[in-house]
Amino acid sequence: MIGALDSRIPHGPLTEKWSRHKDNSRLISPNNRRKFEIIVIGSGLAGGSAAATLGELGYQVKCFCYQDSARRAHSIAAQGGINAAKNYQNDGDSVYRLFYDTIKGGDFRSREANVYRLAEVSVNIIDQCVAQGVPFAREYSGYLANRSFGGAQVSRTFYARGQTGQQLLLGCYQALCRQISAGSVQMFPQTEMLDLVTVDGNAKGIITRNLVTGKIDKYAADAVVLATGGYGNVFYLSTNARGCNVTATYRAYKKGALFANPCFTQIHPTCIPQSGDYQSKLTLMSESLRNDGRVWVPKRREDCQKQPNEIPEQDRDYYLERKYPSYGNLAPRDIASRAAKEVCDEGRGVGPGGRGVYLDFADAIKRLGVETIRERYGNLFEIYHKITGEDAYEVPMRIYPAVHYTMGGLWVDYNLMSNLPGLFVIGEANFSDHGANRLGASALMQGLADGYFVLPYALPNYLAGQIGKRPSTDHPEFKKAETDVRAKIDNLLKINGKRSLDSIHRELGTLLWNKCGMSRNAAGLREALRKIPELREEFWKNVRVPGDGEDFNQALERAGRVADFLEFAELMCIDALERDESCGGHFREEHQTPDGEALRDDDKFAAVFAWEFQGNGQIAPPKLHREPLHFETVHLTQRSYK
Amino acid sequence: MNFKLKVWRQKNRQSRGKLVNYDAADISPNASVLEMLDIVNEHLLLRGEEPIAFDSDCREGICGTCSLTVNGEAHGPDHPGAACELYMRKFQDGETILVEPFRAKSFPIIKDLVVDRSALDRIVQAGGFISARAGSAPEANSILVPKHEADIAMEAAACIGCGACAAACPNASAMLFTSAKVSHLAHLPQGNPERVDRVVKMVQAMDAEGFGNCTNTYECEAVCPAEISASFIAKLNREYARAVVRRKLEE
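Here the protein sequences come in this chain order: X and C. The working numbering numbers the first residue of the first sequence as 6 and each following residue consecutively. The working numbering numbers the first residue of the second sequence as 30 and each following residue consecutively.
The following block holds chain C by itself, in its conformation from the complex (with noise of 0.2 Å):
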């Protein structure tokens, strides 16, 4: 197959990014996207430019490191799935193809296609986690979790860390990414003690990162490779609102 590819180039942080054209020729329909861009960069490399810088590692979907927006959508067009995922079959033979890195103000771009995402581990260290001191742990099973809660807690805490929810949302908010951490963490009991200190921190986190507030648009769902469900978010709302109200009344 052939592309056309329109993809940002960026040298650094400061300068100005623009798009360049470039030709994808003979790319195998099984390929994916990453690959094509290996290709267009072995290319490049010959031809004496300077390939295109764009992250990745595990490339099966689950480390959450690529970062792309195709045709301006995070992870592009095959929903649910990291860019790692996307193959080019699903594009038609000659189309133009728009590759951009994710954007959003906490965000910045080091390179070309590449982010820095910092701003989501800096969260999770403001409380996104149980503090439990290796050697302390109870026997597993003198702590027992109904399943149907274990299975929300699962399905909260399936989130890859990769951004696209806050590169996709017209706020750039960030509420989809803690609202799993917070939701995981809240729907097991080893993670009451510290639920409502938990809560408050992780948003003063996110506001202080810069990150934007939700408006029920629902593109950080619709784009989420994990498929975590934007119903947490209102679980993070009434997490916070619980914790705010609790504290009023320790006062």
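Isolated chain X, as found in the complex (with noise of 0.2 Å):
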């Protein structure tokens, strides 16, 4: 049983939080450093920058990720920029603005402490980044250049091309390697994380699958930290990539760690939309292209098989800037998803499956030349003409909405812990700073937060307690969790059924994008929540895994994140279902404004949903625990966008 929820948030005033914690956190001593080990799973952003800094530190660090590199983890993707409060532009920027940009974008569902901090060693990433190496846009000068991203009205964001992720991540990344030859780090590719080894309720290690092998190993440490990144392929298509899974942070959820907000997840409005059925992968085109672009669907639905250049001016509907004429097309994230949705439910959605809307450049080529046009989106114009085959400059474009990251992870403490002592969470796998919105910019932010300079003084504080705790594999605990772990495998390739896995992850997505995607209502998350156990049924008598788990087999691979994403999605529903409001990216269609705005109630839901795992299916819910957040310096308004 799990007691009051104690997020462990220091006393004081809000910008004195971080450095008095850090005063009166405990120590590990330089000597005594290696005679501890630590597990981090992934080596994205945060589990890269953690395992990389914490070998630094001397501590024994083995760090896995499923990849075949560590260098290829998802945070590889990002393309626009990391926010930091340096304030090099004299635009008025600081870590307060930052702060406050963050906590209203999440709309005031995050902490404010953890927000803050997260402000506050913004600047201290930039230094770290540079100083590795890491080749940021500069200008003429030689110094840092900055641009300005969504929810902001200042120039913060440090960039590397198109290509910001990939940089910062192959900084961490090296340093990972520079740990790794200096035998700190002993780094585990292409391993997955099969579940989680508590003893007397304290992390303690993990059972694994060595892909390449199947060998099922046992490891066993004094603490380990969860980077394992978002869940948004639960909808089966998203921008994550192919692997991107739940498995780690689900498991851990199975062996007590609370879940905290798992229905808030964005969906971000410029993606190129699904051609077709065999479609794997959502690809993201930056949300820049509103600038110049104008969006719109023909009035008549039977318009929309005609070439768009045959549909006249009259006959079409630019329904942003008809509905929201202060903003226009370039309404919020938010709003200009579910737009996109409700036209295509009307049936005026273009292209194959009726799923899209246009982006046309036509005006704005009219007005400033095919040049002007190609010098500030010429890359995204080729990315465009790759995938599709078609000349965004002759033919408009075609977007629709997709799933690209997801705020909600498992509940950590001002420490990054989670309820389970021993536990942490970093990065996107946590829930901590980004409330039911993130901002453009901010992921990369966190991730490098948590990694280099969070948990390398939350995790001694824990440790100091553990001096010679760390128990060995042969504890009966472990001989449990890997039998648990070879009877599921078992399970998996004993089904020998008719369907494939693509074919019931594609309907689970199907059914979560309708019910649990960009609008939600108490009848839709019903029916998912009727129809999820029977999927769930299907998949366990009908799905067919082939070989055998001794072997290279990606099919069992990514049936055992399946049979996850089953039954996690069940919680997100329930998640949504019992957050009776609307907030941010969690749009429930009962509470909105006459506009059409998410209307938040917050008297009643001003906290963090937080649930524990009490068993699969109807018999057993999870259990909810609430977390008040307390809101001390920023005042609670209603974003509007008028």
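Each statement offered as a hint is correct.
Taking lysine-lysine and the BS3-like style, the derived pairs with C-alpha atoms no more than 30 Å apart in a straight line are: (1) K40/C with K223/X; (2) K91/X with K176/C; (3) K371/X with K391/X.
The set of hints was computed from the structure by calculation and includes no laboratory data.
From these two lone chains plus the hints, build me the complex, please.
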């Protein structure tokens, strides 16, 4: 049983909490550090930076990733940039402003103290990355360049062409490589964590499967750090990499870690639409295109099959300009996404499957000339051409919203430690910093803040009481967890049914997208909660997983992940149903202002919803723990875009 | 569209592989070559046959995981771009398509089209980094980098680490990969203190992994999805010569 949630936020004024906390945290002396073994799962910006930094400090680190190299974690795909309150532009930025923008952008559903600390350490991240040789964009003077991003009125975003995530990841991958060659970090690529081992309530190890040989192994440690990213692939189609999954965090949840705000998912408005059932993933197109592109669909359904240039001006519905005259095509992400869904639901969508809207540059080309547009967006037009075969200089682009980030994750306290002592959760895998909606260029900031500058202080505070408590892998808890893992693999291989994994995963994704996607309502969520257990039953009766467990078996890898998604999906819908308000990316149709804006209910729902596992299905619904959010510094307001 | 596929199947590292024929029927021209393989695998699975193993992750050309040789070219005929960005509309309807793994002595085959590229990680571990401890970094704008130099560093740093360069090279040389990392760090003032050691150690590691030498065939540059210029190999040679001379002088 879990008692009242203690977020362990330090006392004192907001601006002094982190420095006071550092002063009061316990330490591990340098010659004692090598006695501690730390497991880090994941090698993206959060896990890679954590493993490298803990190795530098002298801990014995084991870092695991499912990819064939630590450098391939999905942080690599982030394009836009990383925020930091450097105020190099002298345009009024400050730590407080970055903090406030992030709290407001998250629709007042995150913790003040965590977000303030994030804004504080943001400046150190840029220093660290530059020292490592990250080739950020520069001015002719040699100083660092900035650009601006959504949700902010200052230019605080640092970038490396359209490859910021890649360059930051290579920075921390290289730092990791240095520790690997120094012997302080042992790297385990192509190795998946399949269970967490707890001893006397403390996280003390993991069970893994080597994806090449199929070998199941047990590893004991003094603490376990999960940096396994988000769960966007529960929707099947998302901008996530194919391998991204919820397995590590979900299996920790089944071992007692609380899962917080699982229904908070972010849907990005400008992605290349799905072109057929065969499609395996979606690709993001930078939001900046909406500066010059006009979004429209035909007014009449029967025009949807026509070529766009055959549809005269008076038969086009520039719906964002019509509905949101003051923001027009630059309406915020959640509004733009929902509006696109609405017109497509009305049968006015364009392209294959009727799931797309036009993003038209004809007016901008007429006004500015094709060369200016090429200069501004040339590389994006090329990506679009490569994927669709269409020339957006001649015909309008087609875009549609897609899942790309998840704000929910395992519950952690101010020390980034879950309710299970010794289990730390960092980066997208935790829930702590983005509330109900994440601002652009803030995911990279959070991953690196956690790994380089928060965990190195938070971890010793726990370890100081744990000297000599690392169990042996002969402990019965390890044996039990290993037996469970083997049984699960055997069960998957035994089903030998008639359906492919993809067909079931796609069905789950479609159901969630329709019932727990851009907008949700009680009836739809209840319907999803009826259907998910049926689909789970279908999976366990009728899926086909070929081959055996003692081999490189990609179908088996994916089967385990889909099985977890089929359970996790239910938790998402339960959370979405329980949160009977709209906030950020969580839009409950029952709760909107007369203009269709998200309507929060701060009296009832200014709280984190953290769920405790009680067993699967209707028989044992998860237990809700509420952590009230206290706002001592900011004033809660209705976000308005009018 | 319909295609005839010849796909390399190999059970594991030790066994002998062979080309096996498959039909890919009713494929959308907008599907990528990886999505075509997904569809073929779906059919194989339902027929009770073992699906074709192949690597992929981000499927948008940045993670460097996919590693197919298509019709004899690393990443296939639509350069620049990774195999995940190769769309079927680039082929003729009815065409026979040859799908093989990346082939290089230092990339042993794990299964079918999946190869082990950990040799590339070991080259970076040998010295492809700047030793900057978290917490010790100076204020970012105290290190000025002329824009021109920063741009060249960025061009080299864009390498996605896929290994196509070695797979395309007749000598299976990893010089383009190694030169990209050496050049990225050598063009930045932060990289200076370790410059001599870095290039020597990385070149030694490259040789120890069994990669061949560069004989200027430029196949690497032709297939590189990140458009890394072969001129960085010249930069690598200069850096190496400079390091060797400097070490001699110091003796």
